[in-house]
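Chemist: Sequence:
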Amino acid sequence: MLLETLDIKKNDVLIYSQNIFDFNSNFKIIFKQDSVKKPKAIDYFEVCEFIRDPSPKILIAYRLLTNMQRLDAYATKYGYFINTKSKIELIYFDPIYALKDITHFQFNISPENFRFKIQQIGFASTHGDITNAIYEEIYSFDLRGSEAQNQNDKVFAQAIFALDRSFVDDEISPPFDSSKEEYYSNTKIAEDNLHSSRNIVSPDIETGINYSRANHENIARLKNDSNSKFNAEYELFEQYKKGNRKQEETADRKSHTFSEFISSNKAKTLESEEEQYQSRLEQILKSSQKQMKARDQVVLKLADSNRNSRR
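Numbering-wise (the working numbering), the sequence shown opens with residue 2 and increments by one.
Quick caveat, the hints were computed from the structure, so don't treat them as lab data.
Do not rely on the hints blindly, as some may be mistaken.
To be verified - Taking lysine-lysine and the DSSO-like style, the derived pairs with C-alpha atoms no more than 30 Å apart in a straight line are:
hint, residue 1, residue 2
1, K224, K33
2, K155, K33
3, K41, K224
4, K101, K41
5, K78, K155
6, K189, K155
7, K88, K155
8, K88, K101
9, K39, K88
10, K38, K11
11, K39, K224
12, K11, K86
13, K155, K86
14, K189, K39
15, K88, K41
16, K41, K11
17, K189, K101
18, K101, K224
19, K78, K101
20, K11, K33
21, K155, K38
22, K88, K224
23, K101, K155
24, K78, K88
25, K38, K88
26, K41, K155
Whenever a hint applies, use it, and build me the whole structure from the sequences.
Modeler: Following this line, the structure appears as structure tokens:
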């Protein structure tokens, strides 16, 4: 996942993930106004707030499609619902969350016949309501099997800051294989070059269900499962505001909510925001241009038919 707010270089942040199944160590945030741009840890639940917040942003996430007709999207455990111009969309922050989620869906076909896709999707947010962003899909493409298991969106951040001398990345990332060895030993996937993409569809999202409530309930369950302490006051943002009080126009801004803080310097017109979306997306996609060229449709399957165990 990559998320970048677009507030004309004021109070902007960039968040990326590394495809590690860990709610605390997977995500990093960079405050772009800092004199030294160094990634800091941010947990899964804070990332959800950034996704939901209506301030302008770009987002790169992932989508799961399967050959199971009428798959109930609300059975998800590791997915997140967003509102797009055309429909409610179930997304995943990393391919590993999509692969993990497969074990929580009720199979109506035998595992050996189960086929699926994981797509990378690029979104730009448009003006939403007071509490929720509305996204517009810009691009999507299928991930190959090796990409689904090895994707690390840190490369986007490294591409964006490649010429920025104030960017400091001295973190030693955990070895990919060791961080997911136990999980992937039971989740081997392969490409199926003989299977048609025609019957690979999105999970069914029943109309009339409150997707915001579904997100809230899923987050509450995940917090309970992970025993994570969620700070409703957002310690990172409070720390950031304290260090930048001289830049605040009034003392009242010290008590701004998360949403007010992050959206306080929006672009003045929708036209200028859309120009920024397109320009920024083009810059980001340069780092994956080789992947985008001549991209074929890719259907995946479970290489180990015994991995349909429920957890």
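Chemist: Each hint should be assessed against the structure and marked as holding or not.
Modeler: Status of the hints after comparison with the structure:
no. : hint        : in the structure
1   : K224 / K33  : 29 Å, holds
2   : K155 / K33  : 15 Å, holds
3   : K41 / K224  : 21 Å, holds
4   : K101 / K41  : 25 Å, holds
5   : K78 / K155  : 24 Å, holds
6   : K189 / K155 : 23 Å, holds
7   : K88 / K155  : 29 Å, holds
8   : K88 / K101  : 24 Å, holds
9   : K39 / K88   : 36 Å, violated
10  : K38 / K11   : 14 Å, holds
11  : K39 / K224  : 27 Å, holds
12  : K11 / K86   : 27 Å, holds
13  : K155 / K86  : 28 Å, holds
14  : K189 / K39  : 35 Å, violated
15  : K88 / K41   : 33 Å, violated
16  : K41 / K11   : 18 Å, holds
17  : K189 / K101 : 12 Å, holds
18  : K101 / K224 : 17 Å, holds
19  : K78 / K101  : 9 Å, holds
20  : K11 / K33   : 8 Å, holds
21  : K155 / K38  : 14 Å, holds
22  : K88 / K224  : 27 Å, holds
23  : K101 / K155 : 21 Å, holds
24  : K78 / K88   : 20 Å, holds
25  : K38 / K88   : 36 Å, violated
26  : K41 / K155  : 13 Å, holds
Of the numbered hints stated above, those contradicted by the structure are hints 9, 14, 15 and 25, listed in ascending order.
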